[in-house]
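Undergrad: Sequence lines, in order, name chains H and A.
Numbering-wise, this note's numbering puts 378 at position 204 of the first sequence, and it's gapless, one number per residue.
Numbering-wise, this note's numbering puts 129 at position 112 of the second sequence, and it's gapless, one number per residue.
Don't take each hint at face value.
Quick list of the computed label-pair ranges, beta carbon to beta carbon [as the list claims (entries may be wrong)]:
hint, chain 1, residue 1, chain 2, residue 2, range
1, A, 30, H, 181, 14 to 22 Å
2, H, 325, A, 20, 18 to 26 Å
3, A, 81, H, 224, 44 to 52 Å
4, H, 222, A, 22, 46 to 54 Å
5, A, 22, H, 204, 19 to 27 Å
6, H, 354, A, 30, 28 to 36 Å
Chain A is nowhere near these chain H residues, computed Cβ spacing over 10 Å in every case [what the hints assert, rightly or not]:
hint, residue
7, 231
8, 234
9, 246
10, 250
11, 253
12, 275
13, 278
14, 283
15, 288
16, 308
17, 310
18, 311
19, 312
20, 313
21, 329
22, 355
Honestly, the hints are just simulated from the structure, not real lab data.
C-beta atoms are modelled at their ideal positions from N, C-alpha and C, and glycine is treated no differently.
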Amino acid sequence: MTINPDNVVYWQWGMLHLNATIVFTWLVMALLTGVSWLVTRRLSTGTRISHWQNLLEVLVIGMRDQINEVSRQEPGRYLPFVGTLFLFIATANLLNIVPGYTAPTGSLSTTTALAICVFVAVPIYGIAHEGPLDYLKHYVKPTALMLPFNIIGEISRTIALAVRLYGNIMSGTVIVAILLSLTPYLFPVVMQLLGLLTGMIQAYIFAVLAMVYIASATSAHGGRETDRNPPATSTD
Amino acid sequence: MAIDWITVSAQIVNFLILVWLLKRFLYQPVIRAMERRERRIADRLEDAEIRERSAEEKAHDHQQKIDELERMRDGLVADAKLEAEHEKRHMLDEARDEAAEARKNWQRQTNQEKQEFLKNLQKQAADTIQVIAKKTLADLANAELEEQMVHSFIHQLKSLDDEEFRRALRQSSTPVNIVSAFELPAPTRARLTRAIHEHLVEGIEVEYDQSPDLLCGIELNAEGRRLGWNLDDYLDRLSGRVEEVLSPARATG
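Bound conformation, chain A alone (with noise of 0.2 Å):
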């Protein structure tokens, strides 16, 4: 039990020592260490957080622009079926105007070809009823069928009760124009010259033509008037019944 304070005091000394040594080379450093690993680990939760924030707008952000285009797209269907829906309606319209126009087309074609037909057969008819009625008027008569003609057209100068006509014709310079589908011979040239003198005008001049055009007739022209006879009245009425024939034909056409 002996204290030999001598070394009391040196230990004291020392352990006063010990305490600043430990002191700068164990507690300082490593309680600073720590505290620092705490602060980089407090700072790494912070910027977790902060970056999940960030993650979190940026994926609010994308949604709505998800739902913004799918909301677009709707749209742009809605508005793509509208069009195609209006585009199908004014391609059946054409569709339908173009089918109208090509039967319109048809049909005039078809007309035309009729009025054709009429016309070649009026020719055919003229020609047939005027072979036959010469033949029938040679056979029956035996008198020329031009004879006849002529002779219905003087006729028909003796019953014209025109006297306006006759004024005209007397204060006109002009000669009178007789046309006729045939030749015809002097003595009946003379006879209608006579008769135009006779009853028409006294002393009027008096030509002769001859026109294919006129179908199987003759023809007076003067001052702008006609006076005749031929076949075409007959005509008229063998087309206009051709014509009732063909009608239904155009119907079902």
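Isolated chain H, as found in the complex (with noise of 0.2 Å):
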């Protein structure tokens, strides 16, 4: 039984090999695109509009809003990249259904991938927003002496971050697999439902997270956004 689809290699190339998880990962990258892109090509802006436009609008209407909500900011700016964290965790979770199909989720590698984009994206943000002297001198905040410990905050939650979504969706898949040889037809299924709710919540928690870390360094009063994060330490 293989946990981690790194493990599994399709094609190898002196150092570069594909992987499962690449593989899979284009596939979830060419079915959000797809679908994207066949949609999008027709739009109406008229009062009448197709069911598919109508989900993806409910889709982007919603992240909008909850970014709003988190950040207190206008939504504009990170909507693609929370909104692609979302999506792709949620979408790699969700096909966890389909038979023969391993979730990228589930690799450390990939979750690592996802929390190094959103450790350099915070300061990305955080300069961009306030010039970078301004966002440097939160880590001297209250005091000089706080430093240190603001860098390994940093570094720490981006470890959390990695290490919460990797846990969570790669214990679902060794958890249904052990129930399966030891309860076969009717446990495993119920886990299976499980481990959707579990995907979904997890992206969830990912994209707000991230939102709440870029938040906490774009916004003046950054503390009291952080302040406002009780699932960081409740999903774990």
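With the hints as a guide, bring the two chains together.
TA: Spelled out as structure tokens, the structure:
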């Protein structure tokens, strides 16, 4: 039984190898992009719109509202990054019900990659919003003594972000695999349903946490934004 | 807990590509479509507001026009009433005038008829009186009425004391004209000529004429003057009395 999709290698050429993580990531990417392209090819600006366009609009509006609610800022700049995080993770997790599919989010490499993206995006958004000096001053607040702790906090929360998603998805897959060998037929199906729910929740948590981190870096009163963050500890 | 760093870097690249793809194919088109729709709806609302405002203005204008027309109508009705009243009064006046004219015509006609009647009466009365007088005179005095008339005329000539008239006759060269209603016999003419010569002017020429217009009488015409006797005086008195009798009939007409 393979737990890590990184280890399933389809093609290898020297150092480069094409494993299941990358292949299924491409699959998810193709699915998302293909559906978006098909639907947005013919967008209606009138009062009558297609069901698919309606779905996409509901998704986009919902994500914008969520971003606005968390950051108290104009959501336009954050939507592509945070929205893509949510859509990618959610789609990758939901496809778990397809036989033969292995979620790329179950690989620590994928979650690490996403966490690194967030880790880099936070200072980029912060500097773009406040300028480099003002952004760096965040690290010596309230006193210069807090500098190491701030840096440690920054790194640790990135690691937590990666491990939380990986652990949840990987454990779901592992649990289903173990239960399948112990009590087949009905119980694994229930667990799989639970896994869908968990996957959606994790996608939401990952995206919201990313937004919270970015908001704390861009907002003048960043501390208050991070205080409003109870799910960070409760869902681990 | 193995991290394959090559996979990590590949996933980072994959993720960044996905961000770009979704931005290009999902977020931008959808948001643009929604914004366009919102703008269209806003435009429509604005358009509707403009139309509503213009409709309200039009309604206001129409109301004003209706009010104006009503005012005009009231004015016209009042004018028409006034004119009708005026016309009515005018027609009544005309009718009254016509009635007055008709009454006047009728009165004139009645008067004319009365005059005619009186004239007839006069003539008939004269005839009757003449006949009665003739008969009476003939019966009573055994003398002819004409003779009596001539006698009375000669008496008038005798009693005439108009010297001026005599002088005028004396100077004039035209003959004296005697007109009578009846044929005068030759002896009577001779007597009349003699009386004129005796009482008016010596040797003046005398002519004799007969005229039925002269009602039972005898008359002398000379130098624009008339002298004579006839039944006119009596008849005039008679017609005056008849007129008096008829006047109540006129009053009731």
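Undergrad: Kindly indicate which numbered hints from before are broken by the structure, ordering the numbers from low to high.
TA: Result: hints 7, 8, 10, 11, 13, 14, 15 break, sorted rising.
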